[in-house]
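Going down the list, the protein sequences come from chains S and F. Going left to right, the first sequence walks through residues 1 to 667 as the working numbering numbers them. Going left to right, the second sequence walks through residues 1 to 667 as the working numbering numbers them.
A few of these clues could be false.
A pair holds if it fits inside one copy or across any two, identical chains being indistinguishable in the list.
Unchecked claim - Once the Cα atoms are required to be at most 20 Å apart in a straight line, the calculated SDA-like pairs of lysine to any residue come out as:
id	residue 1	residue 2
1	Lys628	Arg591
2	Lys510	Gln562
3	Lys487	Leu105
4	Lys510	Val570
5	Lys510	Val547
6	Lys573	Glu543
7	Lys487	Ser648
Keep in mind the hints are simulated off the structure, nothing from the lab.
There are 2 protein chains.
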Amino acid sequence: MSDLADAAKRLLLGRPVRSDRLGHTLLPKRIALPVFASDALSSVAYAPDEILLTLSLAGLTALTISPWVGMAVVLVMLTVVASYRQNVHAYPSGGGDYEVATVNLGPNAGVTVASALLVDYVLTVAVSISSGAQYAATALPALRGHETAFAIGLVVLLTLANLRGVKESGSAFAIPVYLFMFAIGAVAVVGAIRYATGTLPAAESAGLDLVGEGSLENGIAGIAGGFLVLRAFASGCAALTGVEAISNGVPAFEKPKSKNAATTLALLGGISVAMIMSILLLAGATGIRFAEDPAVQLLDGGVPVGEEYVQHPVISQLSAAVFQGLPFMAVLVAVVTGLILVLAANTAFNGFPVLGSILARDGYLPRQLHTRGDRLAFSNGIITLAAAAIALIWAFDAQVTRLIQLYIVGVFVSFTLSQLGMVRHWTRHLATEPDPKARIAMKRSRVINTIGLAMTATVLIIVLITKFTHGAYIAIIAMVAVFVLMKGIHGHYERVRAELALGADAEQAKALPSRVHALVLVSHLHRPTMRALAYARASRPHELEAVTVGVDADDVERLRAQWEEMGLPVPLKVLDSPFREITRPVLTYVRSIRRDSPRDLVVVYIPEYVVGHWWEQLLHNQSALRLKGRLLFTPGVVVASVPWQLASTEGQTGLEDPVRGTVPRGY
Amino acid sequence: MSDLADAAKRLLLGRPVRSDRLGHTLLPKRIALPVFASDALSSVAYAPDEILLTLSLAGLTALTISPWVGMAVVLVMLTVVASYRQNVHAYPSGGGDYEVATVNLGPNAGVTVASALLVDYVLTVAVSISSGAQYAATALPALRGHETAFAIGLVVLLTLANLRGVKESGSAFAIPVYLFMFAIGAVAVVGAIRYATGTLPAAESAGLDLVGEGSLENGIAGIAGGFLVLRAFASGCAALTGVEAISNGVPAFEKPKSKNAATTLALLGGISVAMIMSILLLAGATGIRFAEDPAVQLLDGGVPVGEEYVQHPVISQLSAAVFQGLPFMAVLVAVVTGLILVLAANTAFNGFPVLGSILARDGYLPRQLHTRGDRLAFSNGIITLAAAAIALIWAFDAQVTRLIQLYIVGVFVSFTLSQLGMVRHWTRHLATEPDPKARIAMKRSRVINTIGLAMTATVLIIVLITKFTHGAYIAIIAMVAVFVLMKGIHGHYERVRAELALGADAEQAKALPSRVHALVLVSHLHRPTMRALAYARASRPHELEAVTVGVDADDVERLRAQWEEMGLPVPLKVLDSPFREITRPVLTYVRSIRRDSPRDLVVVYIPEYVVGHWWEQLLHNQSALRLKGRLLFTPGVVVASVPWQLASTEGQTGLEDPVRGTVPRGY
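Taking the hints into account, I'd like the entire structure generated from these sequences.
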């Protein structure tokens with residue numbers, strides 16, 4: 001890479017960080033909360049909206065039950081937070097659900113959890129960024145119609161920020177997260193006071209009529225209506241997706257890691273619950289009408305409002321009503337909400353690479369994902385996550401309502417298996433724990449995890465039933481694909497490990513080939529050829545031949561004459577090539593040497609041009625590269641590249657390659 | 001490549017052909033005529049249409065002058081054929097216009113001609129195939145709207161046919177070309193007889209009114225009208241594009257090559273001229289109305305016919321009228337015309353790779369284009385041509401009227417420079433030729449070429465003036481780009497040749513490095529490492545070290561313990577890597593060795609996994625490959641790959657690679 005590109009990379013990503021500074025990137029609670037909890041908190045920006053618009057299909061009266069749906073979500077949230085506080089204490093290593101499931105339920109359960117989480121991390125980025133782009137388009141009408149491009153641009157920016165490293169991301173993201181908490185808190189408090197004093201104005205959409213879907217004429221009373229309520233609940237459970245990010249991120253916390261993580265988890269649960277309920281209750285109090293298809297479902301004086309009606313998100317409508325007369329507050333809420341959504345995706349950018357790296361360490365993903373790149377971030381994982389999220393945003397046109405149907409399945413697969421694993425964990429430990437005090441704590445933990453298991457399994461079933469045909473099947477297919485891929489990679493690495501291991505034949509492996517037979521490939525007699533000959537001679541092989549492939553009789557004759565004229569002390573062998581090939585005659589000759597003296601080592605010296613520009617590569621080396629590739633398939637052959645640095649490489653030292661941190665752990 | 005892919009290639013392309021069978025692929029005149037002349041002949045299928053529709057812009061009366069425009073084209077055709085008969089005698093080597101221009105006007109003129117011809121070959125394929133697709137859509141209405149995809153499919157089929165080799169293409173294509181001559185001949189003869197006997201029916205469009213463009217209300221009388229007539233003439237000159245293909249294809253003729261080529265050229269000229277004039281005259285006699293924009297320009301009872309009107313090509317309308325009552329004859333003419341257009345593209349498939357190969361031999365294109373592939377065809381050139389033509393068809397929606405605006409410029413650039421070159425050629429030879437008889441023949445030839453020069457230069461100017469803004473500028477930009485590219489490649493090869501040549505220092509180049517310092521890269525102690533160590537030891541270097549990069553202290557300790565336990569007689573050196581890199585510490589160490597002993601040769605042995613499937617490559621070797629790439633930039637270093645064939649390579653011998661004929665001529 002050129003100096004310029006290197007400089008640009010430094011500018012964007014900062015200077016590389018030494019390994020021994022790894023400890024410095026740990027997070028105190030006040031930074032860890034915004035970094036890891038922004039996902040769960042930010043879902044306040046779309047989860048209530050999805051509850052309301054799903055219920056809207058059953059008509060206006062259905063909206064009134066939204067606080068009850070919200071309560072159900074809150075119940076699940078509190079149970080799951082309580083359960084995961086047990087997890088972070090029992091498994092502080094950051095493997096999170098993957099580790100819990102692997103240790104207690106076996107590798108297949110672990111890989112299932114990992115597949116589910118990887119897919120859900122991608123969806124977290126896609127949903128949060130898409131929702132953020134929609135908030136931005138509400139605020140800046142010029143963005144309308146370009147949400148997809150805008151969302152993809154945001155993912156790219158986030159990717160660069162994360163390639164700079166964890167800590168700096170945390171600091172940069174803490175302020176907006178706290179601002180968001182303050183903003184939603186202000187809406188809730190002011191709204192509650194104005195409601196109590198009877199001065200709460202109606203929302204902008206309160207004057208509209210809302211009609212449901214024709215097939216749901218009984219509202220939420222019938223079977224279809226009940227199903228709809230469950231679907232609204234399932235969408236609302238998007239609020240839970242941040243929880244497992246904390247349990248996977250324990251190693252990034254300051255010591256005591258587990259305790260700090262558990263506290264952060266409890267804080268997250270409390271804040272999240274308060275926000276969701278405030279918003280749903282205030283939405284009812286201000287009479288917000290929120291529809292899945294506003295153009296048709298919302299009526300103004302009996303007439304559908306049509307395509308030009310812009311349905312602002314619930315939080316925007318709420319803050320406009322609550323802060324009537326204080327327009328700058330409404331603007332602040334909208335801006336901060338848009339911002340927090342973008343930052344929420346950062347949770348996944350912290351969680352995904354860590355999980356990917358653990359999976360790579362265990363041989364389920366390519367070793368490259370275990371590489372710490374510049375700035376100690378897991379660069380490859382970050383880039384993989386970004387690419388997948390961009391593909392998803394592009395495929396779904398950045399539409400939150402469509403993306404959210406794929407969401408949550410993975411998280412609840414992971415929740416359920418993790419809680420099952422925790423139940424097993426306590427049962428196993430109880431079998432050997434003699435201390436009665438510890439036994440009581442363990443039994444208490446087991447009860448909490450059992451309740452968590454029952455709750456998350458129930459939600460998983462509800463999510464699967466209500467969302468399968470709406471898009472969850474896509475997420476399931478993706479998980480199965482990731483599962484199969486990871487099992488395949490693992491099987492491959494295991495086979496290779498067995499193949500390479502030194503076994504009983506370790507001493508035998510020290511045996512040397514009896515003789516070295518060197519060949520120098522010659523096409524013309526020029527300086528690279530002379531260098532290859534000199535190097536081959538300097539290595540003093542037992543036998544040395546120059547080999548050329550005879551395609552054109554005149555060329556061969558000319559070469560032979562030059563050879564003799566130069567008086568080179570190496571015999572020149574001409575190989576026939578009736579089909580005008582280079583590769584096959586050489587391979588055949590090498591094989592014949594090996595056949596005649598199977599214990600000999602054949603070293604093939606190939607002069608190779610080293611070029612300074614990629615396009616020069618197209619003009620040279622085509623035959624040499626193909627031959628090299630094929631020779632490597634022949635046992636007992638060493639391919640020695642003798643480089644000739646063309647003048648265009650001047651100033652390139654081989655040291656300026658800015659790709660760092662290429663550490664193949666494993667092998 | 002797998003056996004299956006190899007078998008599929010054999011099935012499509014046939015078995016490879018030995019060099020000594022090259023003579024067997026020469027063409028007798030009866031095959032050469034259809035192979036090389038089908039382009040010029042087939043332009044009868046669109047050139048009259050383009051003359052008529054261009055004139056149509058000036059209204060109905062303008063159509064009546066079409067035979068005069070046709071006569072002008074015929075005049076140019078006869079002049080050019082006469083001129084080129086001189087060329088094929090003087091330059092029988094197949095370099096054609098490129099060779100003539102290079103020898104007589106210098107390399108820049110030659111490269112200009114070559115650029116022009118390469119671009120025009122691509123356009124020949126694009127125009128012929130697009131026109132063929134339009135004929136097919138006329139016959140098969142189901143194809144309408146899918147012309148582009150159909151045309152691209154045809155190019156792919158032609159490409160495969162040509163990769164099989166020249167002769168088989170010739171035989172396969174001869175029959176349809178002769179059928180086409182017969183069909184058009186039948187239309188002309190039967191049409192003439194029926195006209196003479198007063199029984200020639202009117203064409204299907206004869207009853208329609210034709211209105212011109214508003215801006216051309218004076219018809220062809222004004223300046224704009226005159227300009228339009230010149231543009232119609234320029235389009236009609238598309239009929240000349242086949243001529244230079246024969247002069248470039250002389251080496252493919254049977255002996256006496258030049259005489260046979262000249263005869264074929266004369267035949268082509270005669271047949272082509274007869275066809276064009278017959279069609280234009282019969283079009284007038286049957287009252288065909290042919291418009292550039294038929295939906296608007298054609299009126300039925302004073303009302304525009306609208307978008308649903310299908311304007312059949314002139315030949316289709318003619319044969320329907322001439323063979324009224326014999327519908328199968330009209331169908332035969334349409335089918336054969338469609339077929340000949342597809343086959344016409346084959347002319348370019350014969351000419352382009354030959355020219356590309358000559359240019360590659362002279363160092364103006366990458367060496368790979370000089371490679372004869374399977375079946376003795378110039379595979380790389382064929383594939384390049386096909387790719388460019390497909391891009392053009394795709395970009396212009398397979399619309400002949402738009403593509404034809406780009407056409408012909410190149411051919412007339414080449415014609416003009418070639419004729420200028422021929423005039424110089426005769427002048428030069430006359431200066432030294434003493435034989436009076438030979439001098440008379442030469443002077444006659446020079447007169448013919450001078451007339452040819454005047455004629456082609458005039459046409460070139462007309463084409464440039466009338467078509468520049470209609471699209472010719474694109475062709476000119478493409479030619480300039482190709483010119484610059486070829487000069488750049490040539491400059492590069494020249495620089496490299498000078499750099500590599502053995503000069504006064506030839507003896508010095510024989511000097512050997514004083515000592516060999518071998519390094520074996522070690523990451524783990526497994527079988528590939530053991531093999532690399534054994535091979536390195538067998539080569540008996542003056543110094544041998546095992547080198548590992550210390551990233552993780554535990555890993556290093558484990559390796560060191562294993563090393564001692566195995567009792568390996570090679571010292572293990574650990575390189576520090578504070579930034580967790582592999583490449584940089586190794587490069588730095590190699591450089592330090594070179595600095596301490598500049599006359600030593602450093603051989604770096606790298607164990608490398610050889611995998612059986614491409615995706616396995618993603619799972620291995622990433623660090624090794626990057627390191628190898630960087631090491632090659634360091635002078636005095638040989639990189640020795642010690643392959644370890646993983647089990648997945650079993651059955652792969654390195655011999656099954658079906659890419660043949662990789663002969664780097666030059667260097």
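Structure-based check of all given hints:
1. Lys628 / Arg591: Answer is within; shortest intra-copy Cα gap is 14 Å, inter-copy 26 Å.
2. Lys510 / Gln562: between (43 Å within a copy, 14 Å between copies)
3. Lys487 / Leu105: For Lys487 and Leu105, the Cα distance is within 20 Å only inside one copy (16 Å; across copies 67 Å).
4. Lys510 / Val570: So Lys510 and Val570 pass the 20 Å test across copies only (11 Å; inside, 31 Å).
5. Lys510 / Val547: between (31 Å within a copy, 18 Å between copies)
6. Lys573 / Glu543: within (13 Å within a copy, 31 Å between copies)
7. Lys487 / Ser648: Between. Shortest inter-copy distance 17 Å satisfies the 20 Å Cα cut-off; intra-copy 46 Å does not.
Of the hints listed earlier, there is not a single one the structure fails to meet.
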